[in-house]
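Full structure from sequences and hints, please.
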Amino acid sequence: MSVSNLLENWSKFRHTHPVEDKGHPDWEAYPSDIKWAMAIDLDACTGCNACSVACYAENNLPVVGKEKYSHGQAMHWMRIERYWDESESGFEVDQGARFLPMMCQQCEAAPCETVCPVGATNHTEDGLNSQIYNRCIGSRYCSANCPYKVRYFNWYDYPTTKDVWPSPMNEQLNPDLSVRSKGVMEKCTFCKQRTYVARNNAKTEGRPVQDGDVQTACQEACPAGAITFGNLYDPESKVAQKWQHQQVELTKEKQDKDKTEGNRLRGYRILEELRPYPSVMYLERVRESAV
Amino acid sequence: MKENDFNRRDFLKVLGWGGTAVALSGCGNTSIQDGQEIVTSYVTLPSYVIPSIANYFNSTCAQCDAGCNIMGRVREGRVLKAEGNPNSPINRGKMCGLGQSGVQAHYNPDRIRQPLLKGQAVTWEAALGAINDKLNGVKGEQVAFLTGGMSGHVQALFGNYMDALGSKNHFSYEAISPAVLRVANKKAYGMAMPRYRIDKARVVVSFGADFLGAWVSPVNFAQQYAQFRKGTRPEGRGVLVQVEPKMTLTGANADSWIGIRPGTEGMLALGVINALGSAGIKLPADIAAAVKDYTPERVGVNTGVPFERINKLATLLKERSPSLVLAGDAAEGYVNGSQNALAIAMLNHVLGNVGKTVEAAASVPFPQIAPTVGSRSSLNKLNDGLAAGKYKVVFSYGANPVFSAPAAMKFKDNFVKADFKVAFAQYLDETAQAADLVLPLDSAMEDWGTVVPEYMAAPEGSDADTYAQMSFRQPLMQKLYPDTRGVGDILLALLKQRKADEYKDFEDFYSYLHNAVLKNKVALGGKTTDDDDIFWDETLSKGIVPLKGVAGSVSAKMSAADLKLSPATGTDTNYPLRLIPAVSASMRDGRNANEPWLQESPDPLTTVVWDSWVEIHPKTAAKLGIAEGDIVEVASKSGSIKSQAYLFPGIHPDAVSVPVGYGHEGMGRYAKGVGANVFSILDPVFEQETGELALNETNVKISKTGQRVIIVKEEGPLGGSQDGRPKIAVQVQADKVDLSKEV
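Chains A and B supply the protein sequences, listed in that same order. Start counting the first sequence at 1; every next residue gets the next number (the numbering used here). Start counting the second sequence at 1001; every next residue gets the next number (the numbering used here).
In short, the hints are calculated from the structure, not lab data. Among these hints, one or two may not hold up.
[What the hints assert, rightly or not] Calculated cross-link-like contacts (lysine-lysine; reagent style BS3-like; alpha-carbon spacing at most 25 Å):
id: 1; chain 1: B; residue 1: LYS1230; chain 2: B; residue 2: LYS1736
id: 2; chain 1: B; residue 1: LYS1200; chain 2: B; residue 2: LYS1741
id: 3; chain 1: B; residue 1: LYS1230; chain 2: A; residue 2: LYS257
id: 4; chain 1: A; residue 1: LYS252; chain 2: B; residue 2: LYS1727
id: 5; chain 1: B; residue 1: LYS1736; chain 2: A; residue 2: LYS254
id: 6; chain 1: B; residue 1: LYS1741; chain 2: A; residue 2: LYS257
[To be verified] Cβ-to-Cβ under 10 Å is the rule here; a few derived chain B residues that face chain A:
id: 7; residue: SER1101
id: 8; residue: LEU1117
id: 9; residue: LEU1240
id: 10; residue: ALA1252
id: 11; residue: TYR1455
id: 12; residue: ALA1734
None of the values given here were measured: they were computed from a predicted structure. Ideal Cβ positions, reconstructed from N, Cα and C, are used throughout, including at glycine.
Structure representation (structure tokens):
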């Protein structure tokens, strides 16, 4: 995607999408009945890191080691952020921390997409923000423009780096997806390899994808079942029902419910006000006030 | 998850090939040595194998003792990932990070690949011959066998071997185990490990039980916890109160976290009972008399918990019933640990929780396969025997005492006194390094076995009180190395040295297991008319064998007579701080330290990776002039270690905490030299009733070394502050939301 292309088609990226269309910027050409989305219940999340390790196992993420970690080069597509209450971060705590699983939010108007000089980061018809590794030239503009900081750059050629996948550790690598090489950007794909299997199986069986056909690796592992994943366009899906109950709408940058004081719902999206229209809804962590 | 429907009979047929559940070699991964292996062409694959589509085989996780049922995802002859078995009442299809990392134990590049005699690679004949030679002329009582926790058919075989040797010296050792709790539970409830029903409780008060992290059966508890937190439950959303001197992962999820003075947990429990009495809960006369002196005001002074908070806690417990009170590591690791745990259990009795949220668990009907649980007191006995020169031949399997025993016990010095030491090991860990003979083990993904969990979770249903289970462990792929062996195979070979006739029919452990299972077909849920092969295949493919267990019962009453709570031990002016060795969910006792996913997985609370650290309260650090990243020396009477200081508000100001499991001198490239081993500096202080090492009874002093590092951690320099942005990780008060109608 060249700059001229980008400028010519700016309206597609910034105006109609996603407010009126359904997902893909060229949605009239690629109509889709799938929009993958998530709901994460922070009140169930315990911060245990099972999701993160499951992601390493599923998605061929390299272990970078202490030194590279200290340079901020860890490749954890799914990471757990831990926050303290502002008033308490200094000296005293009398309640727990706040954990937040953070991964690519698969924005509908993704800030990373518009800045890619080569169109390596683009939008799929099922509403994912995808990265084409062999088109990526490593400008890292996308990472700079990502408000969530969930894009990870391969500063090294990990398959040939010492002690990353020493034989026979490489035999564990998941053949359903590639092992990325030096100089490309990568990030959470909502376990694309799994959604593809589900879509293909459904197609073979001549039916639409149903709720429960596919689980992401993090969702599958999560001991507390905090993660819900599915098709937001399917009104029967759990994820759609959760979004609907919480009155969080994909195409709004400010939810109607938030305009009324004292609404008793807890769904929200992170940094919604920047208008990236993220596909991940979080449910606020609840704390009992009686104690 | 199932990616395709393959023909079930073919699937069973293949499982029935015996010993080769997965008979395929990975593409590009075969060693075709003069017809040693049969290479199956992709053109003539069994019908259930479609290249590029994964098959799933059920097995049992070996990463900790909870015994979660897993499915190995297998493609082209290689196991790629472990996933939870959805039919398991233990983990219900879920897995923790530690369990996920099991594949890295299997594919670990630092596994031992050949038997090593005095450091030299030898054949199995030579290795087993050496054992036979050394055992000749040695009396049964001169042989000792140290193991970790064990269960199932390997344990049955192990028992037979000990009998054949005429030795009763089996020492079952776990560096971290709820050993004190088991004894206290036996007194309080009449059973060592009842079922805890977090999911049924409206309030959970946990005294240092890290049930979401590393305590007993965390994946099971995490699922119960998720239920407990659901506002749509008839009981409403549950409230979690955590009482502990150092915040654990469970504490980090609490609605209320009480940073108590170390060792006073039992006293707080009695204070709460006292307050409950004042609030109108009817106490039995003996209990009322026992807690009479523990007024909230006095308890407040001793525990450092404001008495208003004690009264609030009592009110909460009174108003929201049923509740559940748990005693964990932090409460039992003291000289008065048993009494702490008893006082805490008494709260459950007073609140009427016993029978409601503390339920009786069933035990397996076959005592030979019932779990033998480990403790630290058994290591003391072994150590004393070794010091006295009682043992000539010592075996070690599934334990690493040279690493995890305090240096003051001089275990290594005593261990090397034995003439011949044999270590069954997957890595060249500290104990294997000190052994004369090292026998390389198969990984848990290459081996056969059965597992009976200590904590017996049950599926929902009317027969839950008699539900017990045995789980299968089966190879998920072909062995990576020809010269490793399963523990069952080794034991069988050793048994044949003693009783060749009795075991001549069993070519290998697989045939022993196969035979033992089929002999008990009816007890294992089959019918006498069932075809043996079909029964075996079906049982194995399910991975879980439900058994009609022996129902237990929990005692409804507890007398206060057993309770004589001694005050917490004081501090030492030379060593003014209390050391709390922390058990983290991923590192545990350090046996999995060579799995890099675990090293790179940040500690949930401090977010530190690839190193150990010293947690210090910011106030204490300010007093000592310590800043984050200062390398500090933590010195006890028994030794000292150095590590980086991390300022952490979730710890009592009089305590410091260092995680266990780091600081290996061996094992492999990912574990060696990473962090410091805090086990080594623990004082040899023991729990007064059980003789367990009191893990939290070491006093230390902290001094700066003058060096400083930048801590490698996940959190940024803001240290967990949201920097004024209100909507990142949002939290809401329970009365501000309506959870009852959520979907």
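Results for each hint:
For the given pair, LYS1230 (chain B) sits about 15 Å from LYS1736 (chain B) by alpha-carbon distance, which is consistent with the 25 Å threshold. Between LYS1200 (chain B) and LYS1741 (chain B), the direct Cα distance comes to roughly 19 Å. Compliance with the 25 Å bound is thereby established for this hinted pair. Straight-line distance between C-alpha atoms of LYS1230 (chain B) and LYS257 (chain A) comes to about 22 Å, which keeps the hinted pair within the 25 Å bound. For a cut-off of 25 Å, the pair hint linking LYS252 (chain A) to LYS1727 (chain B) stands: about 16 Å separates their Cα positions.
Between the alpha carbons of LYS1736 (chain B) and LYS254 (chain A) the distance comes to roughly 20 Å, so the proposed pair stays at or under 25 Å and holds. Only pairs whose Cα atoms come within 25 Å are accepted, and LYS1741 (chain B) paired with LYS257 (chain A) is accepted, the gap being roughly 16 Å. The closest approach between the C-beta of SER1101 (chain B) and any C-beta of chain A is roughly 6 Å, which is under the 10 Å cut-off, so the hint is satisfied. Restraint check, LEU1117 (chain B) versus chain A: the minimum CB separation of about 25 Å is more than 10 Å; hint violated.
With a least beta-carbon distance of about 8 Å to chain A, the hint placing LEU1240 (chain B) at the interface is held under the 10 Å criterion. Against a cut-off of 10 Å between C-beta atoms, the interface hint on ALA1252 (chain B) holds, since the closest Cβ of chain A lies about 4 Å away. This hint is violated: TYR1455 (chain B) has a C-beta 15 Å from the nearest C-beta of chain A, more than the 10 Å allowed. This hint holds: ALA1734 (chain B) has a C-beta 5 Å from the nearest C-beta of chain A, less than the 10 Å allowed.
Of the numbered hints listed earlier, those contradicted by the structure are 8 and 11.
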